[in-house]
Every structure is written in C-alpha cells, then in structure tokens.
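**Student:** Now for the letters of each chain:
2 protein chains.
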Amino acid sequence: MKIGLDIMGGDFAPKAAVLGAIAAQKALSADQKIVLFGDKAQALPFLTEEGVSPDDFEFVHTTEMIGMGEHGTKSVLQKPNSSISLGFQYLKDGKIDSFASAGNTGAMLVGAIFSVKPVPGVIRPAVATNVPKLKSGFGIMLDVGANADCKPEVLAQFGMLGSLYAEHVYHIQNPKVGLMNLGEEEEKGNVLTQSTFPLLQKSDINFIGNIEGRDLFNDKADVIVCDGFTGNVMLKLAETFYILTLKKGFKDEFFDRFNYEQYGGSPILGVNAPVLIGHGISSPEAIKNMVLLSRTMVETQFVDKIKEAFK
Amino acid sequence: MKIGLDIMGGDFAPKAAVLGAIAAQKALSADQKIVLFGDKAQALPFLTEEGVSPDDFEFVHTTEMIGMGEHGTKSVLQKPNSSISLGFQYLKDGKIDSFASAGNTGAMLVGAIFSVKPVPGVIRPAVATNVPKLKSGFGIMLDVGANADCKPEVLAQFGMLGSLYAEHVYHIQNPKVGLMNLGEEEEKGNVLTQSTFPLLQKSDINFIGNIEGRDLFNDKADVIVCDGFTGNVMLKLAETFYILTLKKGFKDEFFDRFNYEQYGGSPILGVNAPVLIGHGISSPEAIKNMVLLSRTMVETQFVDKIKEAFK
Chain H
3 MKIGLDIMGG
13 DFAPKAAVLG
23 AIAAQKALSA
33 DQKIVLFGDK
43 AQALPFLTEE
53 GVSPDDFEFV
63 HTTEMIGMGE
73 HGTKSVLQKP
83 NSSISLGFQY
93 LKDGKIDSFA
103 SAGNTGAMLV
113 GAIFSVKPVP
123 GVIRPAVATN
133 VPKLKSGFGI
143 MLDVGANADC
153 KPEVLAQFGM
163 LGSLYAEHVY
173 HIQNPKVGLM
183 NLGEEEEKGN
193 VLTQSTFPLL
203 QKSDINFIGN
213 IEGRDLFNDK
223 ADVIVCDGFT
233 GNVMLKLAET
243 FYILTLKKGF
253 KDEFFDRFNY
263 EQYGGSPILG
273 VNAPVLIGHG
283 ISSPEAIKNM
293 VLLSRTMVET
303 QFVDKIKEAF
313 K
Chain S
3 MKIGLDIMGG
13 DFAPKAAVLG
23 AIAAQKALSA
33 DQKIVLFGDK
43 AQALPFLTEE
53 GVSPDDFEFV
63 HTTEMIGMGE
73 HGTKSVLQKP
83 NSSISLGFQY
93 LKDGKIDSFA
103 SAGNTGAMLV
113 GAIFSVKPVP
123 GVIRPAVATN
133 VPKLKSGFGI
143 MLDVGANADC
153 KPEVLAQFGM
163 LGSLYAEHVY
173 HIQNPKVGLM
183 NLGEEEEKGN
193 VLTQSTFPLL
203 QKSDINFIGN
213 IEGRDLFNDK
223 ADVIVCDGFT
233 GNVMLKLAET
243 FYILTLKKGF
253 KDEFFDRFNY
263 EQYGGSPILG
273 VNAPVLIGHG
283 ISSPEAIKNM
293 VLLSRTMVET
303 QFVDKIKEAF
313 K
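Sequence lines, in order, name chains H and S. Going by the working numbering, the first residue of the first sequence is number 3, and it counts up by one from there. Going by the working numbering, the first residue of the second sequence is number 3, and it counts up by one from there.
Pulled out of the complex, with its shape left as it was, chain H reads as follows:
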C-alpha cells in the first residue's frame, strides 16, 4: 500500500507534514509506505533532525507549490508540477492508493473531481467531517463545503455516502442518518429539505428523519446530511465554541473531542480513490492521523463499497 501525502500544504508545511509522516510511519506495517510529495531538500533536514532515514519514505520531488490563498481550479491547471497536481496524477495512475493534503482545499476538490473523478452514479462528491457526540464517539456530517447548492437527489446521495463511510470506515452498525432541518416534522423545511425527505425515506439506508441544529451533538443521528452551505456555517460556528472554551480555560472531555487533530482530516466521499483534506493549521498529530485514516480507507476498500452501492 502506498499512502500519498503532500508535504507542501498547510500553514506549517513542510515541517508539520514531515513530522506527522514520521509519526505515522512508525504505526504502519512493512508493506505500507508513505509517498511524500514536495520539495525533498526542504524535507531532509527534519528527517535528519529526528534521526529518521529518508529511505523509510518514497519521495516525489516537486518544484511548484499551490499557496493556501490561490484559486483552486486555476492553480491546479497552471501548476502541473505542484505537489497537489502531481499527487492526483499519481493517484489517477494507480501509483499511490490514497492522497492527503492540508493544503489548498479548492485545489484538492478540483483535483479529486477532475482527475480522480466521481464514482459512476455519484452526482456530486461531498466533503465529510467528524463531529463529537456528547455521550461518546462522534458523528459524520456532510457536506461541509464542496457543494454550496444541492439538488434533492444530491442531498439524498450524501445520506448514502455518509452511511457507507460510517459503516465501513468507522464500523458503526446500521448508522442512523438524519436530515438537518428547521423542524422535526416531515412537512417542515425549505424546498430542498422537503424534497429530499421522501428520497431519503425510500432509500435503503437507516433514515431516521429530520434533525435540528440542537441535535448536532446528541445521539439522534450518526450521519448528518446537509448542503455544503449549511454544513460550512454550522462547522465554523461549532469551532468557535471549541476555541472559546479553550480560551476561557474550561476543561471538559466533550469539548476536548472538538479537537480536529484526532480525526485525521475530511475525506472527499464519492471519488474513485481515498482523498483526504486536512485543516490548514494541521499539526504533526493531525497529519499523522490523516495518514492513518488514509490507510484505513484503503484497507477497508471503502471506494469499492461506494462503487458497489452506486452500481
């Protein structure tokens, strides 16, 4: 297995990415190798410092870099030798089994959708994220930013993608799928959620109905379905609270589980290979967990499960 990792992406690149790769590598078995995409010369000092041999990794040396603020589509097209563009080229060609980056989210989305491409039958891939649950564990919310406007058919597919992810990657049995809405009753909602409700109802997944903003952290749903606009707004609002509790010095096991570091990034669900996007501020710990989640997605043959379900 070859796990692709962009070491040029993220606010603390390449250091955080290289240190994260080193940490992850220790947890991998002999037949699992991390392939680092980036400027090898920049990476080597960190390996030396940690007493790690460069031979523990494979390198794809890249000379271009896509900055965090660059336009997604344009940058991927204009910088074919960037770590992100080359990563997707390798992923498309089967030279790596997964690709992860804490870099430019737009470029990652464009790369995933236009080079690796959606699984046949999937209208729009979605970005999923983990949200902590009050009692324990976490739920999966999607979409959180890839699709600002969704059609009901797209939203209903998110339910399926999220359900398969929860089941196969996190081993949640028969995951409960809820539709984020402004009220619980079936008839409540905007045009989008009202039209999505019957589609989810007749699908094969365990659809438990509408949920509300107040249900994000309780156990009603394992999978929370929403359009990317709503998901983005909710996620950023929830993050505010986490940051606030940190600032105010409130110590609590639940709030601790907001820490993005432990979740290993956000997968793009519905494309032909595991692709993971890390938080821009990713620490070595976050990168490590992103590599390990990549491995799990490859090991569980998650993409095959999606292909099977959408056949």
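Worth flagging that the hints you see were computed from the coordinates, not collected in a lab. Any given hint might turn out to be false.
Treat identical chains as interchangeable: a pair holds within one or across any two.
With a Cα cut of at most 16 Å, we get these calculated EDC-like pairs of lysine to aspartate or glutamate [to be verified]:
(1) 222 to 13
(2) 42 to 221
(3) 238 to 186
(4) 204 to 217
(5) 76 to 189
(6) 190 to 95
(7) 204 to 188
(8) 42 to 187
(9) 190 to 72
(10) 313 to 33
(11) 178 to 221
(12) 178 to 189
(13) 17 to 241
(14) 4 to 95
(15) 190 to 151
(16) 222 to 287
(17) 222 to 254
(18) 178 to 151
(19) 222 to 258
(20) 178 to 214
(21) 135 to 258
(22) 253 to 41
(23) 42 to 57
Take the given structure of chain H and dock chain S to it, following the hints.
**Tutor:** Only chain S this time, still in chain H's reference frame:
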C-alpha cells in the same frame, strides 16, 4: 399607549405571563397600559396573590386557546376568539399599539402577516433575534425561521429591516450589516448569497460584506443577514452550547448573555405594528422584557421608520 399581551401562550401560561405583566407594569408610566388577552378567571388569582389590583390592567376576555403544537394558519382561522386571533384583531383595529405572545409561533406569524399585514414595499417580514457578542452587547440576526426559502431581494431587505431595528430600537449608530456566508470573499457562496451580495452593496445601509459562522459572536457585524433556514439552524446550535455550559457548570459572563430572558422576545420586522414572539419556555422575567421591548418599539415609532424607508 396600549401594549397587548397574550396570557394564554407559552409553556407556563397563564402564570408566567401574568407575573411578567405585573413586573412590567411597575416600570411603565401612567399613560402606558398593558392589555391582557386571555381567560380573566384564570388570571385573577395570580393578581390577588401578588396584591395587585385587576384595574391596573385592561382585559380582553377570551374563551378559546391555540395550543403550542397546533397548525398556525388553521388555528388562527378556526379559533377567532382565541387570545392570539383577538390580539391581532385589536392590533389591526388600532385598539392596541403592539401585541406580544409566547405562544404558537406559526399562529403569531400568520396573524401578523395576514391581519396586520406587511408594510407596503416589504416583500417578506422577518423574525429577528438577539445574539450576544463576545466583547459586550449583542447583534441582531434575521431571519430566524419565518422564511425558509428566500429570494435575493428578500434577503437584501432583511439587511435593511435589521439595520433599521438596530439603529432605532437599540440606538446602534450606522449598524454594520454582514451577510452570513461560507467564505469572506465576494465571489464565495451559494446562488442565493452570491446574488444577494451586489444588492446589499448598492443599498443605502452599511454593508460590510460576507461573514462566516465563526463571526456570529465577534464584532464584525451588528446585523447578521441570513435566510430563515440557516438562521434557525444556527440559533438552535448556539442554544445547545449555552445549555451545555449551564449543565457543565461553566460560569461565564459571555455565556450568561445567551440567556433569552433578557432580550424580550423576537420581533416580526416589516409588519404594520410591533409584534413580538416570546420563547415557549418564557419566564415572568422574559415576559416582562417582552412587554418593555414592545413599549420601546412603540415609543421609537419603529414601524413609521420602516414605512418611511420602504416608501
């Protein structure tokens, strides 16, 4: 001035409403009177208990009641003698200057829109709510539930309604109006926010651009514009955090300001009279503040300001 108050609405009616009215009455001047809509026989014992003369209030005795779970439109039509229906009849006829209830939100919306009616030029009235700001004070968010689907023209008008409310009722000079979005850049957003941006930009209000979920509690915007779906989801999510900090025993001045009781309910902005909707769980303190906010809205001639602006 005559301030209408439904004493049959809310989870703790009529007791909480009557006690709230008694507390509010003490703060009113001699020419300001509260008109109570509801079952007088049920109200009298609470007045007696508090040593308050019924003559301090006016009563409009009602025999019907609209329950919290009833369908808004149907209930208003089918129960013309309910406290909510009669309240709106009095408001429409000019026998009271404002009307407030902690009862059925749907019925309140229907009553406001179909009996008091929108101010000419206002496409859709909006429900506004207060959100606490980290530093101090609070912002105004609208819409929070009256309009699940909005057209750009409607959303742009919310900016104007919210700006006028912040300026005239809360005396915020030149209020900063932000558009809730998934990114700060002008081109970011879903079709709705992308189309609303230029409309807000060319309006006369102090539009400061897009804001994100993380900006709800900071000082970027005094007025937060969003469709009712997004507003409802955000509000319920934010409430969760407040409840959580209470449960976990975190004491903090900022979290304390989440307490809905102090804000006096949510006004329906853009109709021809001040109409206020209280939280279903309204306490006497919340009801008192709702009456006092009603007074402020009448005193500041807020509705005239709206009429003037939309002429």
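**Student:** All hints are to be evaluated individually against the structure, with a verdict given for each.
**Tutor:** Hints, verified against the model:
Taking the shortest alpha-carbon separations for residue 222 and residue 13, neither the intra-copy value of 36 Å nor the inter-copy value of 24 Å comes in at or below 16 Å. Taking the shortest Cα distances, residue 42 and residue 221 never come within 16 Å of each other, neither inside one copy (45 Å) nor across copies (43 Å). Taking the shortest Cα distances, residue 238 and residue 186 sit within 16 Å of each other only across copies (13 Å), while inside one copy they are farther apart (23 Å). Within a single copy, residue 204 and residue 217 get their C-alpha atoms no closer than 23 Å, and across copies no closer than 38 Å, so neither meets the 16 Å cut-off.
In the homo-oligomer, the alpha carbons of residue 76 and residue 189 lie at most 16 Å apart only across protomers (15 Å), although the nearest pairing inside one protomer, at 42 Å, exceeds that limit. Taking the shortest Cα distances, residue 190 and residue 95 never come within 16 Å of each other, neither inside one copy (46 Å) nor across copies (32 Å). Proximity of residue 204 to residue 188 under the C-alpha cut-off of 16 Å is restricted to the intra-copy arrangement: shortest distance 14 Å within a copy versus 39 Å between copies. Taking the shortest alpha-carbon separations for residue 42 and residue 187, neither the intra-copy value of 56 Å nor the inter-copy value of 34 Å comes in at or below 16 Å.
Only between protomers do residue 190 and residue 72 lie at most 16 Å apart by alpha-carbon distance; the minimum there is 14 Å, versus 40 Å within a single protomer. For a Cα distance limit of 16 Å, the shortest separation of residue 313 from residue 33 qualifies neither inside one copy, at 31 Å, nor across copies, at 74 Å. Taking CA atoms no more than 16 Å apart as the test, residue 178 paired with residue 221 passes inside one copy only; the shortest distance there is 9 Å, against 38 Å between copies. Taking the shortest alpha-carbon separations for residue 178 and residue 189, neither the intra-copy value of 20 Å nor the inter-copy value of 36 Å comes in at or below 16 Å.
Taking CA atoms no more than 16 Å apart as the test, residue 17 paired with residue 241 passes in neither setting, with 25 Å inside one copy and 39 Å between copies. Proximity of residue 4 and residue 95 under a CA criterion of 16 Å is satisfied intra-copy only: 12 Å inside one chain copy versus 76 Å between copies. In the homo-oligomer, the alpha carbons of residue 190 and residue 151 lie at most 16 Å apart only across protomers (12 Å), although the nearest pairing inside one protomer, at 19 Å, exceeds that limit. Taking the closest pair of Cα atoms, residue 222 and residue 287 never come within 16 Å of each other, the shortest separation being 30 Å inside a single copy and 32 Å across copies.
Taking CA atoms no more than 16 Å apart as the test, residue 222 paired with residue 254 passes in neither setting, with 22 Å inside one copy and 29 Å between copies. In the homo-oligomer, the alpha carbons of residue 178 and residue 151 never lie at most 16 Å apart, since the shortest distance is 24 Å inside one protomer and 27 Å across protomers. Proximity of residue 222 to residue 258 under the C-alpha cut-off of 16 Å is found in neither arrangement, the shortest distances being 21 Å within a copy and 27 Å between copies. When the C-alpha separation of residue 178 and residue 214 is checked against a cutoff of 16 Å, the pair qualifies only within one copy, where the shortest distance is 14 Å, while the shortest distance between copies is 29 Å.
For a Cα distance limit of 16 Å, the shortest separation of residue 135 from residue 258 inside one copy, 11 Å, qualifies, whereas the shortest one across copies, 24 Å, does not. In the homo-oligomer, the alpha carbons of residue 253 and residue 41 never lie at most 16 Å apart, since the shortest distance is 40 Å inside one protomer and 49 Å across protomers. Taking the closest pair of Cα atoms, residue 42 and residue 57 come within 16 Å of each other only inside a single copy of the chain (12 Å); across copies the shortest separation is 86 Å, beyond that limit.
The earlier numbered hints that this structure contradicts are 1, 2, 4, 6, 8, 10, 12, 13, 16, 17, 18, 19, 22.
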